[in-house]
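2 protein chains.
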Amino acid sequence: MRPVSIIGIGKTPFGAFPDKSLLDLAVEAGRKCLKNGNISPAQVEAFYLGNFAGPAFVGQNHLAPYVAAAMGLEGVPATRFEAACASSGSAFFHACSAVAGGMYDVVLVAGVEKMTSQPTPRVTDILASAGELGGEVKAGATFPSLFAMIARRHMYQFGTTREHLAAVAVKNHSNGAKNPEAHMRKVITMEQALAGRMIADPLTIYDCSLVSDGAAAVLLCPAERAAEFTSKPARVLGVAQASDRLALADKEDITTFPAVRQAGQKAYQMAGMTARDIDFAELHDCFTIAEIIAMEDLGFVPRGEGGPATAAGFSALNGEKPINTSGGLKTKGHPVGATGVAQICDLVLQLRCEAGERQLSRAGIGLAQNLGGSGATCVVTILGR
Amino acid sequence: MRPVSIIGIGKTPFGAFPDKSLLDLAVEAGRKCLKNGNISPAQVEAFYLGNFAGPAFVGQNHLAPYVAAAMGLEGVPATRFEAACASSGSAFFHACSAVAGGMYDVVLVAGVEKMTSQPTPRVTDILASAGELGGEVKAGATFPSLFAMIARRHMYQFGTTREHLAAVAVKNHSNGAKNPEAHMRKVITMEQALAGRMIADPLTIYDCSLVSDGAAAVLLCPAERAAEFTSKPARVLGVAQASDRLALADKEDITTFPAVRQAGQKAYQMAGMTARDIDFAELHDCFTIAEIIAMEDLGFVPRGEGGPATAAGFSALNGEKPINTSGGLKTKGHPVGATGVAQICDLVLQLRCEAGERQLSRAGIGLAQNLGGSGATCVVTILGR
Numbered sequence: 001m002r003p004v005s006i007i008g009i010g011k012t013p014f015g016a017f018p019d020k021s022l023l024d025l026a027v028e029a030g031r032k033c034l035k036n037g038n039i040s041p042a043q044v045e046a047f048y049l050g051n052f053a054g055p056a057f058v059g060q061n062h063l064a065p066y067v068a069a070a071m072g073l074e075g076v077p078a079t080r081f082e083a084a085c086a087s088s089g090s091a092f093f094h095a096c097s098a099v100a101g102g103m104y105d106v107v108l109v110a111g112v113e114k115m116t117s118q119p120t121p122r123v124t125d126i127l128a129s130a131g132e133l134g135g136e137v138k139a140g141a142t143f144p145s146l147f148a149m150i151a152r153r154h155m156y157q158f159g160t161t162r163e164h165l166a167a168v169a170v171k172n173h174s175n176g177a178k179n180p181e182a183h184m185r186k187v188i189t190m191e192q193a194l195a196g197r198m199i200a201d202p203l204t205i206y207d208c209s210l211v212s213d214g215a216a217a218v219l220l221c222p223a224e225r226a227a228e229f230t231s232k233p234a235r236v237l238g239v240a241q242a243s244d245r246l247a248l249a250d251k252e253d254i255t256t257f258p259a260v261r262q263a264g265q266k267a268y269q270m271a272g273m274t275a276r277d278i279d280f281a282e283l284h285d286c287f288t289i290a291e292i293i294a295m296e297d298l299g300f301v302p303r304g305e306g307g308p309a310t311a312a313g314f315s316a317l318n319g320e321k322p323i324n325t326s327g328g329l330k331t332k333g334h335p336v337g338a339t340g341v342a343q344i345c346d347l348v349l350q351l352r353c354e355a356g357e358r359q360l361s362r363a364g365i366g367l368a369q370n371l372g373g374s375g376a377t378c379v380v381t382i383l384g385r
Numbered sequence: 001m002r003p004v005s006i007i008g009i010g011k012t013p014f015g016a017f018p019d020k021s022l023l024d025l026a027v028e029a030g031r032k033c034l035k036n037g038n039i040s041p042a043q044v045e046a047f048y049l050g051n052f053a054g055p056a057f058v059g060q061n062h063l064a065p066y067v068a069a070a071m072g073l074e075g076v077p078a079t080r081f082e083a084a085c086a087s088s089g090s091a092f093f094h095a096c097s098a099v100a101g102g103m104y105d106v107v108l109v110a111g112v113e114k115m116t117s118q119p120t121p122r123v124t125d126i127l128a129s130a131g132e133l134g135g136e137v138k139a140g141a142t143f144p145s146l147f148a149m150i151a152r153r154h155m156y157q158f159g160t161t162r163e164h165l166a167a168v169a170v171k172n173h174s175n176g177a178k179n180p181e182a183h184m185r186k187v188i189t190m191e192q193a194l195a196g197r198m199i200a201d202p203l204t205i206y207d208c209s210l211v212s213d214g215a216a217a218v219l220l221c222p223a224e225r226a227a228e229f230t231s232k233p234a235r236v237l238g239v240a241q242a243s244d245r246l247a248l249a250d251k252e253d254i255t256t257f258p259a260v261r262q263a264g265q266k267a268y269q270m271a272g273m274t275a276r277d278i279d280f281a282e283l284h285d286c287f288t289i290a291e292i293i294a295m296e297d298l299g300f301v302p303r304g305e306g307g308p309a310t311a312a313g314f315s316a317l318n319g320e321k322p323i324n325t326s327g328g329l330k331t332k333g334h335p336v337g338a339t340g341v342a343q344i345c346d347l348v349l350q351l352r353c354e355a356g357e358r359q360l361s362r363a364g365i366g367l368a369q370n371l372g373g374s375g376a377t378c379v380v381t382i383l384g385r
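Chains A and B, in that order, are what the protein sequence lines are. Counted the way my numbering counts, the first sequence spans residues 1 to 385. Counted the way my numbering counts, the second sequence spans residues 1 to 385.
Mixed in with the good hints, there may be bad ones.
Intra- or inter-copy, both count: the list cannot distinguish identical chains.
[To be verified] Listed next, the in silico DSSO-like pairs over lysine-lysine satisfying Cα-Cα at most 27 angstroms (straight line):
#	residue 1	residue 2
1	Lys-186	Lys-232
2	Lys-20	Lys-138
3	Lys-251	Lys-20
4	Lys-178	Lys-32
5	Lys-321	Lys-232
6	Lys-186	Lys-138
7	Lys-321	Lys-251
8	Lys-35	Lys-178
9	Lys-178	Lys-321
10	Lys-186	Lys-20
11	Lys-266	Lys-20
These are calculated hints, taken from the structure and not from any lab test.
Excised from the complex, chain A in its bound form (with noise of 0.2 angstroms):
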């Protein structure tokens, strides 16, 4: 199969914006995406958009040709890929294999959520759905609820402890406080972050990310072209997705997700690489505590040791190996459906060396790992120049 390229990418800020339809939003994204690759609507030949809710969201089901007729890509194969917060890594996933196998040569990716039309309560129940809506979401069970159990279990088992979920929170709040697109740019202490007000036991509203509209865009081409369309492309070097059981009752353990292992060899495999050779990375930190399983079941640290590498500045912008550049879900902002492709397009700028006041030294390898529900879809992407 042929080396793929990203030639584009385009984004919207991220943050509540009442005048913004989720098709405005996409649009921008989509439009921005195609003058940053310098193509015209005309070339693109697929069209490939990450949605989890816009039906329950905004009321809008059967988005993708909706979104596509207005960016002016007329006919082409329109599809929305739906796999609750990982919606626009599948959609990426899907693009660069067909792609790779030869199906077209210029595809665009996007992802996009409109959220903040609802009321928080109905946020939750929407969220909810991608939960097992028979077992844990019938017995009353949120997104908050399932990670705060998951979050126990791992403190039980590993000594994890609430400094430590605190800690993926102060660094991701100082990273999107140098992201001018970020939904919330606010830098805390370990003391506000301990003090927060409690979600869901052991939980605090700074362990949560935020509820916000927005989009985002790649454009993928086959390696070999991509020096038609800009100086400065990024290689996927890697990409997997993989699946799991909905519900945590139906899970052995849940401090570690067995998706997270399987897409993150798979994408590893793929590459040709181990956890050792990626210089920085974007985890869906949807909750803090998905940070620190992330960084163990990807292998950037021994199980039971995530939470202790991020008190210690393992994972900060200055560590060994900076983990949310961009803010993560937590200060970035977490439009569930753009989440995906939205870490590819942060993995891209700071490839690029275009990160502005958080692009690091070293960044010639880049992870991107984006979760659905409580581990039931991952997509592990890795991007080099």
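For this one, chain A is given, so just place chain B on it according to the hints.
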């Protein structure tokens, strides 16, 4: 790219099944399909699921890993595709592309919808979310009313009559009565069809497809490996997906669907065929007028002649080009997310000479056309032996 074959099919009956959940239906179809293809779950490398509105109909999102895990497909990439009533057609298209491109050897594609648990007015609303929310849906349009406008315009422009529409219904009822797995097995007369209760003038109850529960699945592999699994493989000769604007108001001519024409042309081109080569077809008769327009857009008859051709027996079981030998969406049933893959199953039954009472004598090349919304997505597939 590699030729692709269908090596297994599996379907639930279509109907109203208060005792079966969405998961029950999907798992039943998937297991039948695996058995039909002599495949164990461990051999399946990826899972593609078409579902339109599970979150709205039954409250469960993130359906692909949920269904995959219940079928014992542990860990594989499991993705939900949503393209309105073409959801599983789109899943099939993407799965064929992945096998053709060399990503996988053995993949399972399924489609499912559980609709009858909601009251009819709610079903109508959920279906309407595939139309354009801000314009036509806000103005009160439902799918029966959109297709009624299309029918009226077709009547005005080409002289199509109520009798022509009714001829489609009479034919599909006659075929469906021969299909043991059809939702409605009831022969009707032209008089009955014309006297049907009016739903949206000129469409009566007999012009509208059914609200059904059901699931369908197919197994794909590279053609060169098909003989390992079955003595009766079906070959995917052509498959294409195309898109168009959502709103009727944005279309130049509502009596033809550009996405159908485009997907048809691409599929014909890929197969090296024309409409003349097609022996029989499953067309997306969500409303009788849709079958008439599909006949025209796919080149089976010249524009405007779909109605008279139907009335003259062109598409009957013993006609020149039999259409919807399964009974079509009209009587087989239309669990929307399952329909695209179910059409493929029905083509394969004919190709294998396993279609029982409705078996055609000449069934060498079959075409399936799966439509999303009022023409915004279309997938066309051509199968041979």
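Hint check:
no.	hint	in the structure
1	Lys-186 <-> Lys-232	neither (31 angstroms within a copy, 64 angstroms between copies)
2	Lys-20 <-> Lys-138	between (33 angstroms within a copy, 18 angstroms between copies)
3	Lys-251 <-> Lys-20	between (40 angstroms within a copy, 25 angstroms between copies)
4	Lys-178 <-> Lys-32	within (21 angstroms within a copy, 54 angstroms between copies)
5	Lys-321 <-> Lys-232	within (23 angstroms within a copy, 54 angstroms between copies)
6	Lys-186 <-> Lys-138	neither (36 angstroms within a copy, 40 angstroms between copies)
7	Lys-321 <-> Lys-251	neither (29 angstroms within a copy, 52 angstroms between copies)
8	Lys-35 <-> Lys-178	within (25 angstroms within a copy, 56 angstroms between copies)
9	Lys-178 <-> Lys-321	within (18 angstroms within a copy, 65 angstroms between copies)
10	Lys-186 <-> Lys-20	within (24 angstroms within a copy, 50 angstroms between copies)
11	Lys-266 <-> Lys-20	neither (38 angstroms within a copy, 36 angstroms between copies)
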